[in-house]
Every structure is written in C-alpha cells, then in structure tokens.
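Peer 1: Sequence:
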Amino acid sequence: MPHGDIAAAGDGRPRRASRRAGGPRVKIELAVYNALLPAAGLAARIAAVWNGKIAEGLAGRRGLRERWLAGASRLERRSPLAWFHVSSVGEFEQAKPVMSLLAERPGGVEIALTFFSPSGMSYYERFDRSKRIEAISFVDYLPVDTPGNARFCLDALRPDLLVYVKFDIWPNIVLEAAKRGVPQALVAGTLSPGSLRLSRIARGFYGGLYSRLGAIAAISEEDAERFRRGVSGGVEITVAGDTRFDQVCRRIDTSTARPPGAVAAAGRSWIVAGSTWPKDEALVVSGFRSLRKERRGTGLILVPHEPSVERLAEIRRTLASAGLPFRPLSSLGDDPPGEDEVVVADGVGYLAELYRAGRIAYVGGSLTTGVHNVMEPAVLSLPVFFGPRIANSYEARRLVDLGAAKIVRTGADFAREALALLADPDLLARTGETGSRFIRKHCGAAPRCVDLLETLLAGKR
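For the sequence shown, the positions run 88 to 548 when this note's numbering is used.
Worth flagging that the hints you see were computed from the coordinates, not collected in a lab.
Glycine included, each C-beta is placed from N, C-alpha and C at the ideal position.
Some clues are possibly wrong.
[As the list claims (entries may be wrong)] Simulated crosslink set (EDC-like; lysine to aspartate or glutamate; CA at most 16 Å straight-line): (1) 140 <-> 381; (2) 380 <-> 504; (3) 366 <-> 393; (4) 366 <-> 340; (5) 380 <-> 421; (6) 528 <-> 340; (7) 266 <-> 242; (8) 366 <-> 500.
[What the hints assert, rightly or not] Simulated restraints, written as ranges between beta carbons of each label pair: (9) 121 <-> 489: 29 to 35 Å; (10) 153 <-> 516: 26 to 32 Å; (11) 426 <-> 137: 44 to 50 Å.
Input sequences plus hints: build the corresponding full structure.
Peer 2: As structure tokens, then:
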C-alpha cells in the first residue's frame, strides 16, 4: 500500500500486536546495551578528533544538565506538556505539522523538543524560519541514553506525553517512561524491510520497546505490517501517512515569501536547480548551455546544498568553464541579472521563494547519495527533473510514474526535456499540475497523528 493510501487495518480498525512484550530477553539485551555505552562514548570522543559533526554534538552536550534544569524551570505548565524527540532535520520537518496542529487544538499543549543530531539543532537555531511555534517552550539536545540520564530527563520535564518521530526511540527513555506511566507514541513511523530491528538478534529487544508505546502511526500499510511482525506486545498500530506532505503543504500555504524582486522583474523562464552538489551542477550547467541556444529567454538559478565559500568558488569555476557569468543572489538588490548571468544563491533559506519564480525545477543529490526534497517544487506546480538516484524517495518515484518528473542522466537529457516543456506551455502546465495534485492528495497525516495523541493524552488526564 503506498504512502498516501491511508487506512488502519484490513477491517478499518487499528490492529494491536498479539503478545505482551519481553521480560527476560529485554532485560538481558538492555544490560548488554548499557554495558556498551561507555565504550561507545569513548569511540565518539576519539572519532571527534577528525569528525566535525561528532565533535559538534559532544560540544553541544557540555553543560547539558544545567541547561535542562534551567529550561525546565521556565516551563509554564498551564497545559499538558508534550515532549517531542527527533533525530535530525528530516524528522524535525515531519514533527512540525504535528506539533503545530496539536498546539492549535482546544486546550492546547506546551511542547518540549529534543534533538539527537547537531545538524538538527543547528538547523533549528540558525535556519528554521518557522521555529517560532509558540507552544515550543524547551529545546535542547537529548543526553546520552543511560538509565541515570533517562531518570533525569523525566524528572526535569515531567511530560504528559512523549512522542518519537520516524524511528528514533531510545531504550532507557522508553522503559523509564513506561515505568512511570507516561503515554508514548511513534509518529511517521517507518521500518524498512531490511531493518536490523527485524533481525533475529534484535527483534525481541525492539519488539519489547515498541510494546511499551501506546500507539504507532506508520506512514504506510507495508510499514505497519512490519511493525506488527516485529512488536510483541499490545501497542496500537495504525496507518496515518507521511507528515512530510503536510509540512510541505502547510509551509507553502502559509508562507508570505515571494521571489526576490530582481529575479521576478527579469522576465525569464527560470529553471531553479535546488540542493545541488558538484555533479548536479556539472550536468545542469552543461544542459543549460545547450538549451540557451534554442531558448534565449531562459534563465538558470543554482541553489547549492551547502553555500560555503569553497563551494561557491567551485561553482564559479564550473560556470566560467562553460562561458557563463556568475551572479550572487545577494548582489542583486533591485538590479535584475544580466541576460547571460547565472544567479547563484550564496546564503541559506531562499530555496522555497526561488522555486516560486521557476518554471521547471531540478533537485540535487540524485547523482550521488540520493535525491533531496522533490515535494516543494512539485506542490508549486513545477515539473521536476533529477538524476537516477531516487530509491530513497517514494514521492520522486511516483512523480516519475505519473509523468510529473523526469530522470535526466546527462546535460543532453536535461536540455531535451526542458526544451520540450518550454516549447509547449500547455504541456508545461499539465505536467506541473499533475505533480501538485499528487502532493496535495497525500496531505492529511498530521490530523490523524494528532487524533491518536489526543486519545493518549485523554487517557492520562
């Protein structure tokens, strides 16, 4: 069952796993897990010498207990406290529509938010324009998952509800919260066919953890069935859908951002290449150079995934080798770019408004590790191009199946597909509308998740 075909079980009702979970086996495996934590901490400190992300995560956790106590003391506690834990940026994006909607319901909630990854914390603190969800009163890293830290976190926050997103559950937190009777849920839950959590070695342990949750809201029927196979207790398992669709629709529908005036005033048919890496830029620039010979009114905007000084210099060299001038977005002001200039976003946070200026989008990552977010340009009715690495993205594969997206492997592919669309305005419009309808059809997961969470909260009161 694809992500968007929302149902609970075959008979329309949420299913529960058949057996109560794990006593002795969970205890044995938990003891092994806890015994390995000091070695894992030592390995992290060693790896931090050459791994900047690990070093950032360790640095961010210095003084964590003091920050937690100070932050917890500032909680208003005039409404139930929902603690949302996310791993990183992607899970945070999935959590946002659930947090927002839960806070908007009658009575509301106060929200505590924790991250595991420094990428998530950095994104929230520096780049996230919607971080002012008013109900969020506490934000920090999650401490290392030791039994003592689990007790500390629950003592400090005293949550009425604990919500995990996607797959990031932590054994000591789960078990300590269950011991205290704190309702827990997993939303946007996924469990891949090859997950180690379904293996013979880990299945009993994780089945015991999942059974301590009050509800699991899976993104698809396939994921729900895997949870049912892996869980050995009485947790309610239902299919709610993927909240990423809700977040994209909500962000587009509520945003007041518009394309920079100089870009809009240029009067071009803009192709916006978002979240690009060097291989993406080489393909797009090559294709654009060929396309311009046929369509002189076409313009290109490059939005690199990481607009560092080094990456911007690399893009400048790529454009120079193709005979194309480089124009930083920040330099435009009210002055439209020249006819031959390629606009390059030299900061973060511009992609959504730049997509609004586009006629066609290219989404990067698809020539290397996997395509980035294709939903944002699709919901804006832009036909979407990307490379062949799309196994990580259900929505990219479906957009291809529907004809709303094209896989391009070379610059020649890019030029040919873009020319066909730009030469036929009706085809361009139909292709974009097909993609937008697909994204809109899949919205609605967040209200289903919130209904489950409210049921858990009602049982707590």
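Peer 1: Next, verify each hint and record whether it holds.
Peer 2: Hint-by-hint comparison with the structure:
no.: 1; hint: 140 <-> 381; result: violated, 45 Å
no.: 2; hint: 380 <-> 504; result: holds, 15 Å
no.: 3; hint: 366 <-> 393; result: holds, 14 Å
no.: 4; hint: 366 <-> 340; result: violated, 32 Å
no.: 5; hint: 380 <-> 421; result: violated, 27 Å
no.: 6; hint: 528 <-> 340; result: holds, 15 Å
no.: 7; hint: 266 <-> 242; result: holds, 13 Å
no.: 8; hint: 366 <-> 500; result: holds, 15 Å
no.: 9; hint: 121 <-> 489: 29 to 35 Å; result: violated, 48 Å
no.: 10; hint: 153 <-> 516: 26 to 32 Å; result: violated, 57 Å
no.: 11; hint: 426 <-> 137: 44 to 50 Å; result: holds, 46 Å
The structure shown violates the earlier hints numbered 1, 4, 5, 9 and 10.
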